[in-house]
Amino acid sequence: MSSLEVGVQARVVGALAFRALLIQTRKAQLLIPTFLLPMVLFAVVANGASAGSRLRGFPDIGSFVGFIIPGTLVQGTLLAGMTAGIALAGDIEGGFFDRLLTAPVRRVSLVLGRLVGTAVLAIVQASFFLLIAFIAGARYEGGVGGVLLTILLAAITAVGTGGLAAAIALRTGSLSLLQSLFPLVFVLLFTAPAFFPRDLLHPALRAVAEYNPLAYIVEGMRAALHADASLGSTTNGLLAAVALAIGATALSVLAIYRRTATL
Amino acid sequence: MQRSDDDHAIVVEGLVRTYPGGLTAVDGVDLAVAPGEIYGFLGPNGAGKTTTVRILTTLLRPTAGRALVAGHDVVGDAAGVRRSIGVALQEAALDPLMTGRELLALQGALHGLRRGEAQARGSELLGRVELDDAADRRLGTYSGGMRRRLDLALALVPRPRVLFLDEPTTGLDPASRAALWREVRRLNDDGTTVFLTTQYLEEAEQLADRVGIIARGKIVAEGTPDALKERLGEPTLHVDLCDDGRLEQARGLLERFGAVSDGRAGGLAVRTPDGARAIAPVVRALDDAGIDIETVEVEEPTLDDVFLAVTGQPTSSEDTADVPA
Numbered sequence: 000m001s002s003l004e005v006g007v008q009a010r011v012v013g014a015l016a017f018r019a020l021l022i023q024t025r026k027a028q029l030l031i032p033t034f035l036l037p038m039v040l041f042a043v044v045a046n047g048a049s050a051g052s053r054l055r056g057f058p059d060i061g062s063f064v065g066f067i068i069p070g071t072l073v074q075g076t077l078l079a080g081m082t083a084g085i086a087l088a089g090d091i092e093g094g095f096f097d098r099l100l101t102a103p104v105r106r107v108s109l110v111l112g113r114l115v116g117t118a119v120l121a122i123v124q125a126s127f128f129l130l131i132a133f134i135a136g137a138r139y140e141g142g143v144g145g146v147l148l149t150i151l152l153a154a155i156t157a158v159g160t161g162g163l164a165a166a167i168a169l170r171t172g173s174l175s176l177l178q179s180l181f182p183l184v185f186v187l188l189f190t191a192p193a194f195f196p197r198d199l200l201h202p203a204l205r206a207v208a209e210y211n212p213l214a215y216i217v218e219g220m221r222a223a224l225h226a227d228a229s230l231g232s233t234t235n236g237l238l239a240a241v242a243l244a245i246g247a248t249a250l251s252v253l254a255i256y257r258r259t260a261t262l
Numbered sequence: 000m001q002r003s004d005d006d007h008a009i010v011v012e013g014l015v016r017t018y019p020g021g022l023t024a025v026d027g028v029d030l031a032v033a034p035g036e037i038y039g040f041l042g043p044n045g046a047g048k049t050t051t052v053r054i055l056t057t058l059l060r061p062t063a064g065r066a067l068v069a070g071h072d073v074v075g076d077a078a079g080v081r082r083s084i085g086v087a088l089q090e091a092a093l094d095p096l097m098t099g100r101e102l103l104a105l106q107g108a109l110h111g112l113r114r115g116e117a118q119a120r121g122s123e124l125l126g127r128v129e130l131d132d133a134a135d136r137r138l139g140t141y142s143g144g145m146r147r148r149l150d151l152a153l154a155l156v157p158r159p160r161v162l163f164l165d166e167p168t169t170g171l172d173p174a175s176r177a178a179l180w181r182e183v184r185r186l187n188d189d190g191t192t193v194f195l196t197t198q199y200l201e202e203a204e205q206l207a208d209r210v211g212i213i214a215r216g217k218i219v220a221e222g223t224p225d226a227l228k229e230r231l232g233e234p235t236l237h238v239d240l241c242d243d244g245r246l247e248q249a250r251g252l253l254e255r256f257g258a259v260s261d262g263r264a265g266g267l268a269v270r271t272p273d274g275a276r277a278i279a280p281v282v283r284a285l286d287d288a289g290i291d292i293e294t295v296e297v298e299e300p301t302l303d304d305v306f307l308a309v310t311g312q313p314t315s316s317e318d319t320a321d322v323p324a
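Chains as they are written, first to last, in numbering that gives the first Met the number 0: chain A, 0 to 262; chain B, 0 to 324.
Treat the hints as calculated values from the structure; they're not laboratory data.
This structure is a prediction, so every number in the text was calculated from the model and none was measured.
Treat the hints with care, as some may be off.
What the hints assert, rightly or not - Just so you have them, the derived chain A footprint on chain B, three or more residues with Cβ under 8 Å:
1) 127–136
2) 243–253
To be verified - The following label-pair restraints were derived from C-beta to C-beta distances:
3) A:L20 with B:G139: 46 to 56 Å
4) A:G6 with B:A33: 51 to 61 Å
5) A:S126 with B:S142: 51 to 61 Å
6) A:G6 with B:G20: 51 to 61 Å
7) B:R136 with A:I31: 17 to 27 Å
8) A:A9 with B:D135: 51 to 61 Å
9) A:A48 with B:G20: 28 to 38 Å
10) A:R105 with B:G13: 29 to 39 Å
11) B:A33 with A:L20: 36 to 46 Å
12) B:P95 with A:G6: 39 to 49 Å
Beta carbons: idealized from backbone N, C-alpha and C, even for Gly.
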């Protein structure tokens, strides 16, 4: 691909990412889940489960909200990804996707535009959630570097969750199927140590968490935010997020080529 | 002089499309469209029109046969086809949450324009389709006619050599339809080839240089509207009686002249190849039976007659996409 072609495709990705964000902000059905739901759960857990922080084995990091905010960030990335898939399925069902397919654009750019938009959304989300938690009393001992690393983890994770949802949308073209998968967000969230340390999870959940990449990501965020290696490994978190993002992007790119090749 | 494939805007040879499940929507279509031509593509419900358009615009792959658009093979060089075409599909798929200007800017980016170029092209096209005042309104607030005009503007962003319009005026009021026709003629005057599918025969008569009629996946008639009418249409005699009580008796008498159906205002309509020459025998036959005639009128064949003759179906039904659910 020539540098000129790369420039054209970069503009396409940028324009599609901009559109994805535009729609996200204008459609309550997409905006509310991505910002309001994580905040509601954050408030519920912060107020209803804070006594848990007095349990033996719960890490002492100064504030319970500081401990649970990575769980909120990961929930945000799951919802950002899910709504990206829902928006894509809506484009397919409504015929807008056909408009994109008749344009002289590489198929991979159509997927990347959506995923870049999801990553930018996750950056905005994560910044907002971290600010709210800070106002609520959380302190980030990892400093600016820790916060930026956490936001980067959220963006990469959102590419992964968005890629998985996009792959499902492209394979099925079904808006209702994507909507029916919404509860899966909470299954994935609660089988990761999102709001409690892994050691305090039920043994069965702990066993499942071993295989849940979100567990490593949430612990990696926690370690980065609080500059405390006992809370998790930022390296493992980054590896899990990158592996999820690469795998999911590959799946969604395969899905769009398969969709267009078999039409 | 015979044109080669490269000289044509569109060449289709032996095109077949069978869907999973076995339905063959397009069954051996051949057609050729010259550069600068407006080709009207007609057919009843499920005849294969939309499937053909979707193949020509690279949205579907053919099962067999080949199709070239602007010299590019729709399978082997789909990217080349996409660089050469503008597409306004049936049921304009416009994002209701975007404004007209935003969507035109996106379309510009999809066709490789830089931001400034895309904005300038968008403004130019908004003016051309008379949507300047609504440019910054969300599309959810647009009327059907405005949506169609914007859809046309979107199709024109890349300055296409071949423009596909799939039922561009379905559901529009007469004024909006006339405005869109004017724009299509203007585009054609500028040299754009137009492949127009429509369910309105009047639209095909008004716009198309040539017409192809597809039925059950095959082209069953093709030519200029006048040639088709001359070749396949039959004049109709409209006979109005003084006494409607003799209608059934008259129907029986007139059946030997041609196909008889209910005519306008309670009279009878006789489709006959003899046209005006049949007036005297018809009058004589009714007179001999003591049936008084109020009026007899000859109507020349229309494209509707051609359509009915070759497809066996009238054109009044709402046409829909022939892609299986």
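Now for the hints, and whether the structure bears them out:
Counting residues of the segment 127–136 of chain B whose CB falls under 8 Å from any CB of chain A gives 0; the rule of at least 3 is not met. Given a C-beta distance limit of less than 8 Å, the hint that chain A covers the segment 243–253 of chain B is violated, as 0 residues qualify and 3 are needed. For L20 (chain A) and G139 (chain B), the Cβ-Cβ distance of about 18 Å falls outside the hinted range of 46 to 56 Å, so the restraint is violated. Against the hinted window of 51 to 61 Å, the Cβ-Cβ separation of G6 (chain A) and A33 (chain B) comes to about 36 Å, which falls outside the hint.
Range check, S126 (chain A) to S142 (chain B): Cβ separation about 41 Å, and the 51 to 61 Å hint is violated. Evaluation of the 51 to 61 Å hint for G6 (chain A) and G20 (chain B) yields a failure: the beta carbon distance comes to about 43 Å. Range check, R136 (chain B) to I31 (chain A): about 24 Å between beta-carbon atoms, so the 17 to 27 Å window is met. Range check, A9 (chain A) to D135 (chain B): Cβ separation about 27 Å, and the 51 to 61 Å hint is violated.
Against the hinted window of 28 to 38 Å, the Cβ-Cβ separation of A48 (chain A) and G20 (chain B) comes to about 53 Å, which falls outside the hint. The given range of 29 to 39 Å is respected by R105 (chain A) and G13 (chain B), whose C-beta atoms sit roughly 30 Å from each other. Take A33 (chain B) and L20 (chain A): their Cβ atoms lie about 45 Å apart, and the range 36 to 46 Å holds. The hinted window of 39 to 49 Å between P95 (chain B) and G6 (chain A) is violated, with their beta carbons roughly 31 Å apart.
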